[in-house]
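Enquirer: Chain by chain, the residues:
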Amino acid sequence: MSRVNKKRKPAEDSALRGLISNPDFSRLLILIVMFALTAVLQKNFFALKSIVRNINSFTPLILLTMGQAVVIISGGLDLSVGSALSLLTCVLTSVMREGMPITGAYALVLTFAVAMVIGVINGIGIGYFRIPPVIVTFATSFIWLGIALFLRPTPGGETVDWFQAFYKIGNIENAPASLKAFGDIVPPALILVLIGCVLWWAISRTRTGRYIYAVGSNSESAYETGINTAWVQMQACMINSVFIFLAALFFVGQNGSGDARMGDPLTLKAIAAAVVGGIALTGGRGSVYFALVGALIFSFVSKIIFFANIPNAYQTLFGGVIVIIAIAGSQIYTLSSRRAMEESKLT
Amino acid sequence: MSRLMSIRDNAAFTIINRYKKLIIAFLLILFLFVLGEITVETFFSLGQILLTLKLASFIALFGLCQMVVIAAGGSGLDLSVGYTATITAVFTAAIMDGQNANLWMAVFVALGLGVAIGLANGVLTAYFKLPPLVVTLAMANILQGVINVYTAGKNITGRPSPVLQIIAAKSTGIFPNIVFILIIVTPIVMIIMYKTKLGLKLFGSGSNETAAYLSGVNVKMVRCTAFIFSGTLASLIGLLLIGNMGIAFKDMGSNYVMPSIAAVVVGGVSLTGGDGNYVGVILGSIFLQTLTNLLVALGWGDAGKWTGFGIVLFALLIVYLSSRHRR
Amino acid sequence: MALSNANLVCQSGRITGLLGANGSGKSTMSKIIAGVYSADAGEIRYNGKPVKYRNPNEARKDGIAMVFQNLSLVADLTVWQNIVLGSEEKKGMFLNNRAAMDLSREIVYQLLPGLDIRKMVHELNPGEMQIVEIAKAISENPKLLILDEPTAALEQAQVKSLFTTMHALVKKGVAIVFTSHRLWEVMEICDDVVVFRNGENVGSIDFTKDVKDLEKIIGYITGETQKAKVEKAHDTVTDEIVLSIKNLNYGNFLKNVSFELKKGEILGIGGLAGQGQHELMLALAGNYPGVTCDAELNGKKVKLNKPANAIQNSILLVPGDRQLEGLFLKHSVFTNLIFPKLGLKRQPLLTPQKKYRKECEQVIDVLSIVTHNLDMPVNSLSGGNQQKVVVGKWLSFDTNVLLLADPAKGVDVGAKRDLYEYIVKQVKEKRMSVILYASDNEELVEYCDRLMIMYEGQIVATLEGKEINDDKIVATSMRVS
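Note that the protein sequences, when read in sequence, are chains A, B and C.
For the first sequence, this note's numbering assigns the number 43 to the initial residue and increments by one for each residue that follows.
For the second sequence, this note's numbering assigns the number 56 to the initial residue and increments by one for each residue that follows.
For the third sequence, this note's numbering assigns the number 60 to the initial residue and increments by one for each residue that follows.
So that you can see chain A by itself, here it is in the shape it has in the complex (with noise of 0.2 Å):
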């Protein structure tokens, strides 16, 4: 093994020098920065409504990025969390029938259980048979869209009158006044992206939390510490179905209906925003936290691209463009780093 004795030193040089080349500092800038774009941009934008209408389009997308940046961190990916939201937002209208408010309760634990099960086969194809999650989760993704199929060909579907406590509390009819006023300051959307931060939150202190990042940044030693890797990544993959699953509990709250093509187009979407959130496509890092800043970003840079009136039709190719700039990004500054650090180890 050749020797190495060059010393790392922190950016000495200047405190500002320090803070900028900070990844995680930039990307806050970069946030602020596109808040206050769109703050210029939209009108009305600090009004109550808007910001409530404004957190409750960016959930979905904050709330997939979430679960996905899990699976990145454990060395995984996937690719079916379009159409595994799909499949739960039609597994939910399937089981409730209006009028019935029990059903509700019924569809909540049966879609909760299906969204295990989507991520226990994920977590096998992945941890288990090591296929690459690229590939199991494109195939997956299949069976997803299948099964939603198969129960909503169509969108439509039942909900219950008090599923809308999802979306607004005051869609319902018989909600109490101060409810309902709570529900408008507070969107129940930001209660489900909370639940995701506490769940996240609770995970990271135990051993799980610690291991979803050991497998995915280097699993072979984890495999050698005794770390049982599969069932780590089939945790990984169980817990972005949580976040999926609340996802699904917001749509199908919004718009009372379950279909089984709503979700394609977030899948790249989540990838994306949390690449851009700083989490590294090769695993064991970033933080879930600053997935969801991505996410925001992301959303922000939509809805900049929307008010500077740029033509509807422009928009899947922006969204598309947007992508790859950002990931272009991400991954020129993870590589720089990266080989930066790799050069000075030893073979």
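Keep in mind that the hints were calculated from the coordinates and are not lab data.
You may find that some hints are simply not true.
Said to hold, decoys possible - Here are the simulated DSS-like cross-link-like pairs (lysine-lysine), alpha carbons at most 30 Å apart as the crow flies:
no.	chain 1	residue 1	chain 2	residue 2
1	C	K389	B	K75
2	C	K90	C	K111
3	C	K413	B	K75
4	C	K400	C	K484
5	C	K365	B	K250
6	B	K184	C	K389
7	B	K275	C	K389
8	C	K360	B	K250
9	C	K365	B	K275
10	C	K322	B	K275
11	C	K365	B	K184
12	C	K389	B	K250
13	C	K365	C	K322
14	C	K414	C	K365
15	B	K305	A	K345
16	C	K120	C	K150
17	C	K359	C	K321
18	C	K362	B	K275
19	C	K475	C	K414
20	C	K178	B	K184
21	B	K252	C	K90
22	C	K413	B	K250
23	C	K475	C	K400
Fit chains B and C to the known structure of chain A by using the hints.
Expert: This is chains B and C only, laid out in the frame that chain A set:
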């Protein structure tokens, strides 16, 4: 020492392996036909077989795009082939406008589009080292966006030139013409893959990047070229698609992406690269088309088709790609 | 055959040193004890009971911990997180990070005070990483600690700290097995020493009883029977300089390497494993775009920034790790043999099958490659024959400089002889010049006209003539003389 032993054991297997995957693919097809015959009458008829071959040919051609990109290694995958074909179909439809006169221009435009898209994919993946999955997926999105912009508010006009229709849609006697195309293309591909320096460089890059590099091969250029090939071929397939369908529509090509990858997997071509047995891919395509027909014949519709596809692919991935034993 | 009839006895509260040249079996011995490999025959008794471990975890549960040469740390976790990885304490449902940090802080302080346990492992230099590895092993309170070349990456001060910690552990009754290439370290810290050669235990000295006899130890390592030095025919070596290298630098791996290769000479590169020899070979082959040097081939300047350049100049590399760097395992012997031809300019589009097949058959003949036919996949050949294929692919090239990176590694005696016979023949007949790196000193002694010894990326000595013998090589490599 123990490493040598396991290498020797593998030796016997590798030879059988080479043909084993083809044999398995063939057997699977037979199995499906038998299953079809049992459950649905007249499944195993000449007409059905020919129709299957015709539709499978399209999958096989897309599968060729995938195979080349995958063979070059580096986790290569091209998810943009579907929309590449679609965008070509949409643009050239208007150019051809039902006449033969502008066919050459259409071909020219198709080539231009294909090369441009392939070049973009290739540069981003090989030189910028971005993951091919994400790049080609984003590219597909971009192309979809461009199509949206182009067709905003209006219908897609234009019809393919009659020559194209003859090639793609019609048959000579009972034999669909497109199958002829496949039959011509296949030996050319096999020769290039296995007997020219181009093919060997491709395999080398996919099989062992370091060894190829140390032998003087410019691996990055090889991989970029693979994407250019894929894009160009996908574009030309777009011409065939519109020739077959008679009109162009927005989702023309996107339904072929998944089957094209599945065909590669079923055909036993390694997803890590270095492999390129096109016959396997063709068998894989036939298998997938037969599966589709079976699912449709059973009356399960779209839902059944996708679920079936997904499950079969998942099962095959387990069989072919599981690396449980590595530890 | 890595080990045969090897035996070893370690006592608690003592440090036993394992010594031996590359490939002598000492590493294998360590790994068997730690459960990484399983012994084919023989018995291991631990605490008086016979044991047989199927994986390192089982050994670990029994109190045997091993610190590897290849770092098994997780780069994206902090120092303290790595130290407790796999054995984290819990406080209720959550991890008890405070306890983990306290424990880590304590251990690290003993080994390397000043190392911030909150740093991420990827921010550490290799020496610090090694310390963390050691800390991790110690944190499990092992009864038997195996340190496999732990000092390879450490600086002097860190080595001293390590020794202090080792003494402390030994006082608590821990038994330590310690391997190192640096003789003086072994002399300093060990209570007794066991020497391995060719997979066997050839001698041991108990330092608590006997004198520390350096000569005797070197004798054990190299083999007491001095082989009569074969005077090679030097008539092949001319004064003409075919390759001149000045100030070759590559990152941290190669520093100011300068030498001249004479036409018709076999110039060797020796030294302890991992001192930059492999990197030097790759650099000469053009594998590193970032390398800087003044290189001249036959008086003309050449750039070594791309393998294609080196190949065009007929500086050809037979890589050290044939499976990783030299072969396309799934592909046929034929494909592998003709592959480099593809890189040459002015090659026909369609590979001339007949012509190439004939050439390949000649190659198989000349090198005595054992294979059923040309189309067998190369991974079906034995190691020796695989290596012959790696050499064989350059046969039809007019070679200026042949770079041999450990060509006989893992190759059986017969194939080894065939290979070297061929190479020497080429040198004699075609005045080919060779740079030979071998991890087995025997090969260096037998074939080299001159021998450069490398240490930490630099050439520290050049031996000629009678100086090229085992003792001298070992001594120079270990910096004892």
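Enquirer: Okay, which hints does this one fail, numbers in order?
Expert: When the structure is compared with the hints, numbers 8, 10 and 21 turn out to be violated.
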